[in-house]
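Protein sequence lines correspond, in order, to chains A and B. For the first sequence, numbering that gives the first Met the number 0 gives the first residue as 0, with consecutive numbering after it. For the second sequence, numbering that gives the first Met the number 0 gives the first residue as 0, with consecutive numbering after it.
No wet-lab data here; the hints were simulated from the structure. Since we're looking at a predicted model, the values are computed, not measured. Heads up, a few of these hints could be off.
Below are the DSS-like pairs computed for lysine-lysine, each with C-alpha atoms no more than 25 Å apart in a straight line [to be verified]: (1) Lys403/A to Lys397/B; (2) Lys397/B to Lys397/A; (3) Lys403/B to Lys397/A.
Looking from chain B toward chain A, a few residues come up when the C-beta cut is under 8 Å (computed) [claimed, not checked]: (4) Gly216; (5) Ser217; (6) His219; (7) Thr221; (8) Leu225; (9) Val303; (10) Met393; (11) Gln395; (12) Pro402.
Among the chain B residues that face chain A by a calculated CB cut under 10 Å, a handful are [what the hints assert, rightly or not]: (13) Glu49; (14) Pro52; (15) His159; (16) Val161; (17) Pro188; (18) Leu218; (19) Val222; (20) Leu223; (21) Pro302; (22) Leu392; (23) Leu399; (24) Leu400; (25) Gly404.
The beta-carbon is built from N, C-alpha and C at its ideal position, and this holds for glycine as well.
There are 2 protein chains.
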Amino acid sequence: MLPRRPLAWPAWLLRGAPGAAGSWGRPVGPLARRGCCSAPGTPEVPLTRERYPVRRLPFSTVSKQDLAAFERIVPGGVVTDPEALQAPNVDWLRTLRGCSKVLLRPRTSEEVSHILRHCHERNLAVNPQGGNTGMVGGSVPVFDEIILSTARMNRVLSFHSVSGILVCQAGCVLEELSRYVEERDFIMPLDLGAKGSCHIGGNVATNAGGLRFLRYGSLHGTVLGLEVAAQALLRFCRPSAPARGCWVRSCLHSSSWMLCACSWSGAISTWPARCKMLWALRERITEALSRDGYVYKYDLSLPVERLYDIVTDLRARLGPHAKHVVGYGHLGDGNLHLNVTAEAFSPSLLAALEPHVYEWTAGQQGSVSAEHGVGFRKRDVLGYSKPPGALQLMQQLKALLDPKGILNPYKTLPSQA
Amino acid sequence: MLPRRPLAWPAWLLRGAPGAAGSWGRPVGPLARRGCCSAPGTPEVPLTRERYPVRRLPFSTVSKQDLAAFERIVPGGVVTDPEALQAPNVDWLRTLRGCSKVLLRPRTSEEVSHILRHCHERNLAVNPQGGNTGMVGGSVPVFDEIILSTARMNRVLSFHSVSGILVCQAGCVLEELSRYVEERDFIMPLDLGAKGSCHIGGNVATNAGGLRFLRYGSLHGTVLGLEVAAQALLRFCRPSAPARGCWVRSCLHSSSWMLCACSWSGAISTWPARCKMLWALRERITEALSRDGYVYKYDLSLPVERLYDIVTDLRARLGPHAKHVVGYGHLGDGNLHLNVTAEAFSPSLLAALEPHVYEWTAGQQGSVSAEHGVGFRKRDVLGYSKPPGALQLMQQLKALLDPKGILNPYKTLPSQA
Numbered sequence: 000m001l002p003r004r005p006l007a008w009p010a011w012l013l014r015g016a017p018g019a020a021g022s023w024g025r026p027v028g029p030l031a032r033r034g035c036c037s038a039p040g041t042p043e044v045p046l047t048r049e050r051y052p053v054r055r056l057p058f059s060t061v062s063k064q065d066l067a068a069f070e071r072i073v074p075g076g077v078v079t080d081p082e083a084l085q086a087p088n089v090d091w092l093r094t095l096r097g098c099s100k101v102l103l104r105p106r107t108s109e110e111v112s113h114i115l116r117h118c119h120e121r122n123l124a125v126n127p128q129g130g131n132t133g134m135v136g137g138s139v140p141v142f143d144e145i146i147l148s149t150a151r152m153n154r155v156l157s158f159h160s161v162s163g164i165l166v167c168q169a170g171c172v173l174e175e176l177s178r179y180v181e182e183r184d185f186i187m188p189l190d191l192g193a194k195g196s197c198h199i200g201g202n203v204a205t206n207a208g209g210l211r212f213l214r215y216g217s218l219h220g221t222v223l224g225l226e227v228a229a230q231a232l233l234r235f236c237r238p239s240a241p242a243r244g245c246w247v248r249s250c251l252h253s254s255s256w257m258l259c260a261c262s263w264s265g266a267i268s269t270w271p272a273r274c275k276m277l278w279a280l281r282e283r284i285t286e287a288l289s290r291d292g293y294v295y296k297y298d299l300s301l302p303v304e305r306l307y308d309i310v311t312d313l314r315a316r317l318g319p320h321a322k323h324v325v326g327y328g329h330l331g332d333g334n335l336h337l338n339v340t341a342e343a344f345s346p347s348l349l350a351a352l353e354p355h356v357y358e359w360t361a362g363q364q365g366s367v368s369a370e371h372g373v374g375f376r377k378r379d380v381l382g383y384s385k386p387p388g389a390l391q392l393m394q395q396l397k398a399l400l401d402p403k404g405i406l407n408p409y410k411t412l413p414s415q416a
Numbered sequence: 000m001l002p003r004r005p006l007a008w009p010a011w012l013l014r015g016a017p018g019a020a021g022s023w024g025r026p027v028g029p030l031a032r033r034g035c036c037s038a039p040g041t042p043e044v045p046l047t048r049e050r051y052p053v054r055r056l057p058f059s060t061v062s063k064q065d066l067a068a069f070e071r072i073v074p075g076g077v078v079t080d081p082e083a084l085q086a087p088n089v090d091w092l093r094t095l096r097g098c099s100k101v102l103l104r105p106r107t108s109e110e111v112s113h114i115l116r117h118c119h120e121r122n123l124a125v126n127p128q129g130g131n132t133g134m135v136g137g138s139v140p141v142f143d144e145i146i147l148s149t150a151r152m153n154r155v156l157s158f159h160s161v162s163g164i165l166v167c168q169a170g171c172v173l174e175e176l177s178r179y180v181e182e183r184d185f186i187m188p189l190d191l192g193a194k195g196s197c198h199i200g201g202n203v204a205t206n207a208g209g210l211r212f213l214r215y216g217s218l219h220g221t222v223l224g225l226e227v228a229a230q231a232l233l234r235f236c237r238p239s240a241p242a243r244g245c246w247v248r249s250c251l252h253s254s255s256w257m258l259c260a261c262s263w264s265g266a267i268s269t270w271p272a273r274c275k276m277l278w279a280l281r282e283r284i285t286e287a288l289s290r291d292g293y294v295y296k297y298d299l300s301l302p303v304e305r306l307y308d309i310v311t312d313l314r315a316r317l318g319p320h321a322k323h324v325v326g327y328g329h330l331g332d333g334n335l336h337l338n339v340t341a342e343a344f345s346p347s348l349l350a351a352l353e354p355h356v357y358e359w360t361a362g363q364q365g366s367v368s369a370e371h372g373v374g375f376r377k378r379d380v381l382g383y384s385k386p387p388g389a390l391q392l393m394q395q396l397k398a399l400l401d402p403k404g405i406l407n408p409y410k411t412l413p414s415q416a
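Please construct the entire structure, taking both the sequences and the accompanying hints into account.
Here's what the structure looks like:
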C-alpha cells in the first residue's frame, strides 16, 4: 500500500550497434529473447498468395551468389533450412503464410546496411521481422521476400541514470527492457500483452499504444531518435553518433498509477495483487480468442461515446454466423479492439464484415487503424480514413527512401494509390 | 494548499477553419490576440541582406495583378501600407529585417490554400508568420517574401470534454488556449515565456519545449494531427475531416506539479504565490537581456552534467568584450539557453563565438538547436549536429512538398546542402 520509490521513465534512442562499444558507452550485454513459435501439430496455414488477390512484383530471386554474399556479410547468420523457415513465414495468428527461402540474422547496423545495399543492387525484396507478434501481417513475407530478423540485435547500448535516456538496438524484447530499466528505478512508457516476445523496433514502427498510453501518451513522443538503415540505399555517409537530447520526466507514485490504470477494468482497486491479476486477464484475451478457430481482427479508433456500438451492431448483424463478437480496448484513447471469431475462415463471413466495419468507422470519423499498424491486412482500407492526397504523399515519401520499393513490399501502402 | 480538482490535459488537432462550423462542432468564437510590436523611437534594424551573406533566389516580384488576386481571395486582408509592414518585417529581437511589401491575413485554410496555389503558379515566395516571437529569424522575410500572417486564424473549432481533444486554428495564441482549457479543468501541455503572443502553429512548428516539458514531454507527442496547406500545391483533393483518435490522460495534483516545476529554480516550494513569482522572473529573462543592446543567442542541447560548462568557458574566453554571458534553461531535457550580450552587433565578437560554440557543442555530442528551431540563423550550422546524408534527406523531403521552394526560403535548410 505504501508508495514504492517514485518511478520516472526514460525515452530512448534506437540505433544499431556500432562495431564495438562506440561513443555511447559500453554495451550492457545481450538480453535474452523469448521466441515465438507455432504449436506442433496445428494445421497448415494457407499461403497468403492463394487466399488474397495479390501479385508478386518483379523482384529478383535469391541466387547462390547472393547467399555467398550474405554469408560474407553475416557469417553464421544465414538461415536456409526449410524447417527453420516455417515459423518465421507464418504470422502468430496463423492466418498468413509466405514462402521465403532465406532468413538473415545480423547483429549490427553495419551488417544491416551491407545487406540492404546488396539487396538494393540486386533488386531483392526484404521483409524485416522482429518478434513476429503483429496483428496485421506486417512482419511476415507475402511471397519469397528475404526475412531480415532483428532477433540478434538485442543489446542495450547505454542507459543514462539521470536523464533516463536508453539507447538500444531494435531487436530488444520489450519485457527485457522493462526489467532492465526497472532494476534502475525507471519504467518503460509502454506495456502490452505481447511484451514477452515483441521487439522495441516493431513497437516504434507501429507506434504501439498499449496499456500505459493513458499515463504516458503516444510512444513516438518519447522516442528521441532513430538510426535508419535506408541511409545505405541513398548512399549516405556513415552517420556520426546522432545528436541527443538529455531529459528526465517527473515522478508518479506507483500506487496511484495502479488505481488509475485499473479503473479501465471497471474495478477501482488499490491492491497491487488484484491489479496484476486483472492485467494478466486482459493480456490473455487475444490468445484466448485465437482458440476459437479463426479470428477476424479490427483495431479501430472511435469517439469514446460510440466505442462499443459496433460490437452490439455486429452481434445483431451476424447472429449465429459468428462464434463470438468481442470488443475491448483502451477507453482513454478511444481504441477498440474488435474481434469476431468463427470455426474457420469463411469468405461469406468476411463479406458480412467488410466493408461494413470500415464504412461504419468512417461514418463516425474514426480511423480504421489505431495501434496495430497497417501491414498487409489493412493496406487497401486506408482510404476509409485518409484522403487520396495523403495516400499519394505517403507513396512519394516511401519512394524517396526506397526508390526500388524493395523494403517490405505489399505492406502499409495501398496496392493502387 | 489543498490540491485543486485534478487536472488532465488535452492533445489537439490543428486544422484550418472549414467554411462554416464543419463536422468538428461549432466554432467557439474568436480568441483575442496580443500583438507584438516594436517600441517607438528605437533605432532602425539593419537589413538582413546587408548584414548576412545571402543572395535573393529568382522568385517573381508581386505585381498589381497579384494584389488584385489576393484581394479577391482575402477581401480586406491585404496589407500594403509601408507603415503597417514595418513591424512584421523585423524579428522581435530586432536583429533581422526583411523588405516585404505585402502581408496577407487569411481567416480559413481554404483561403490559405488559394493563396498558396496562386503563389505557386506565379513563383512568389511566402513567409508564414505567427506571433513573430521566434529566436532564430524563422518568422520574418529575408528579402521581399510575401508575409502570410496567421493572426486572424485564431478560432477554437471544438473541444471534447471527455477525451480532451482540442481542435483549433494555427493562429491561436497559447495563453488564450490555456485560459480556454483551464476554464474546462484541463491544462495545455505547454507553457513558455512568449505565451501572450506566440501562436500554437509556431509552437508546433518548432516543437517548443517550454516550462512544462519535464512533466508532459515532447509537444509533438501530444499533437494528434495537422491540416497542411501544401496539399494545394500538390493538387491534392480537398481532405475530408481527418481521422481522429480520442484520448485523455491521467491526472496529476496541481500541488505536486508546482513543487516539481519549481525545483528547477532551486527553491523547493509548495506555495503557489511564490512559484508564480519565480516563474514570472524566469519568463522575463529573455526580455531583460535584450535591453543590453545586442544579444547573441544560442539554444543548445547538452549532456546534463556539462550543461553550464560553456558559460564559464565563454566568460573566460570573451572577458570584457561581452557585457553578459548568461546561461539558463531546462535541466530536465538538457536544454541550455546561452546568451551573450554586447552594446551592439560586432563581427569580431561573432568571430570569437562562432564556430567555437558550435564546435564545443559537437564535441559533447550535443545539438546546436534544441527548442527554438533552426530558422534563418541556424541553417548553416546544422552540419555540427547532423551528418550530410540527413541534411540531404531533409532537402529532398522539402522538395517533395514544395517543388519550387517558395515556402519560407532561406530558412531551416543549409544554403549549400
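Results for each hint:
no.	hint	result
1	Lys403/A to Lys397/B	holds, 21 Å
2	Lys397/B to Lys397/A	holds, 14 Å
3	Lys403/B to Lys397/A	holds, 21 Å
4	Gly216	holds, 5 Å
5	Ser217	holds, 5 Å
6	His219	holds, 6 Å
7	Thr221	holds, 6 Å
8	Leu225	violated, 11 Å
9	Val303	holds, 5 Å
10	Met393	violated, 11 Å
11	Gln395	holds, 6 Å
12	Pro402	violated, 11 Å
13	Glu49	violated, 32 Å
14	Pro52	violated, 26 Å
15	His159	holds, 8 Å
16	Val161	holds, 5 Å
17	Pro188	holds, 9 Å
18	Leu218	holds, 8 Å
19	Val222	holds, 9 Å
20	Leu223	holds, 9 Å
21	Pro302	holds, 5 Å
22	Leu392	holds, 7 Å
23	Leu399	holds, 6 Å
24	Leu400	holds, 8 Å
25	Gly404	violated, 16 Å
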